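Asker: The residues making up each chain are set out below.
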Amino acid sequence: VELRAAKATDVYKFQYLATPDADDATDEVERWVRQSAWSWYRDPLGTSEDRRLLVADGDDGLAAVVAHHRYQPGSRYLMVILLDHELRGAGAGTELWEAAVEDASQDGAAFWRVREGNDAALHLSRKVADREAPPQDGYVTFLVDRHLGTATS
Amino acid sequence: MAAARKGTALVRDTDGTVIAMRTSEHVAVQDRLSDLNRILRAVVASLRDPQPPAALLGDVAWLADWPVANREQFVLDFADTISLSESIGSTEPADAFLAAAHPQAPTQGLFDATEAFKSLSDEDRAVLRGERRTA
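Residue numbers (my numbering), protein chains in the order written: chain Z, 637 to 789; chain A, 2 to 136.
Check before you lean on any hint, since a few could be wrong.
Selected chain A positions facing chain Z (Cβ under 7 Å, derived; list incomplete) [as the list claims (entries may be wrong)]:
no., residue
1, A62
2, W63
3, A70
4, Q109
5, L111
6, S120
7, L121
8, D123
9, L129
10, R130
In silico EDC-like pairs for lysine to aspartate or glutamate, Cα to Cα no more than 20 Å straight-line [what the hints assert, rightly or not]:
no., chain 1, residue 1, chain 2, residue 2
11, A, K119, Z, D660
12, Z, K643, A, E87
13, Z, K649, A, D14
14, Z, K643, Z, D660
15, Z, K649, Z, D696
16, Z, K763, Z, D696
17, A, K119, Z, E768
18, Z, K643, A, D113
19, Z, K643, A, E93
20, Z, K649, A, E93
21, Z, K649, A, D66
22, Z, K649, Z, D695
23, A, K119, Z, D696
24, Z, K649, Z, E722
Pairwise CB distance ranges, derived in the manner of DEER restraints [said to hold, decoys possible]:
no., chain 1, residue 1, chain 2, residue 2, range
25, Z, A641, A, W63, 21 to 31 Å
26, Z, R762, A, Q52, 19 to 29 Å
27, Z, Q651, A, R42, 35 to 45 Å
28, Z, A641, A, R13, 47 to 57 Å
29, A, G59, Z, D679, 37 to 47 Å
30, Z, P709, A, A70, 54 to 64 Å
31, Z, E722, A, R13, 41 to 51 Å
32, A, A70, Z, G727, 54 to 64 Å
33, A, S91, Z, G694, 11 to 21 Å
34, A, A21, Z, L681, 25 to 35 Å
35, A, L11, Z, G727, 49 to 59 Å
Think of the hints as simulated: they come from the structure by calculation, not from any bench.
These figures come from a predicted structure and were not determined experimentally.
Glycine included, every Cβ here is placed at the ideal spot set by N, Cα and C.
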């Protein structure tokens with residue numbers, strides 16, 4: 637999975653990332669990508685979060701979308717990992733999850749949430765996360781710490 | 002007629018006048034591209050003014066609140082999507098961009114980092130703040 641920075645000319649392709657009869661968890665992510673991802677990325681009114689919107693190209697349109705932003709110096713929040721529904725279930729999800737977490741944790745640590753009941757995302761998160769928090773308000777939060785194993789301070 | 006069905010055909014009247022024949026779909030695309038270019042020119046014109054009147058921006062009046070630098074970025078992005086629209090003969094890239102560029106409601110739920118942060122242990126919050134590393 638080759639992630640690259642999204643361009644304005646990718647935006648119309650977001651509209652095709654729609655799973656037929658999507659469950660609530662999938663629909664929540666896909667709607668955000670279609671409706672909010674670009675304006676969030678360009679951040680026209682300014683939050684200084686160092687927002688990143690990444691995409692992966694498929695044979696016919698976009699294969700994936702990833703969004704993350706700085707939370708604190710040294711940590712980033714991974715908002716979205718979305719794989720085109722036609723590519724799910726063939727190992728691409730694991731590759732994408734690994735690439736997304738790798739990119740988001742380059743500053744040191746990354747964390748993200750998955751809605752309870754989104755079994756595929758929970759499964760993939762448990763494969764790549766260092767830790768997970770107990771569910772709260774219907775979401776499970778995961779964390780990756782690249783400094784895991786180094787001395788505490 | 003075959004050329005006209007594909008897009009545009011030029012034919013000559015008996016007096017030599019050139020007449021264009023187009024499909025209605027092609028005309029609709031050209032009309033919409035003309036609208037999109039008009040919107041682009043309005044945004045370009047607004048770059049001279051840190052606080053342009055919303056009326057100048059018309060269809061994209063919501064851009065009036067944006068700093069000049071962000072409107073400049075919008076112009077570059079929008080121009081790219083118009084170029085793509087012109088090259089593929091569909092206004093979908095530029096129309097989708099316009100819809101997606103409009104500021105949306107604040108991010109909530111799954112997308113709210115602060116809520117996610119609160120659900121972590123004290124130890125993990127310290128990790129994310131860069132204060133402590135765990136073994």
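Asker: Hints broken by the structure, by number, lowest first?
Answerer: When the structure is compared with the hints, numbers 1, 2, 3, 4, 8, 11, 13, 14, 16, 18, 21, 23, 26, 27, 29, 30, 32, 34 turn out to be violated.
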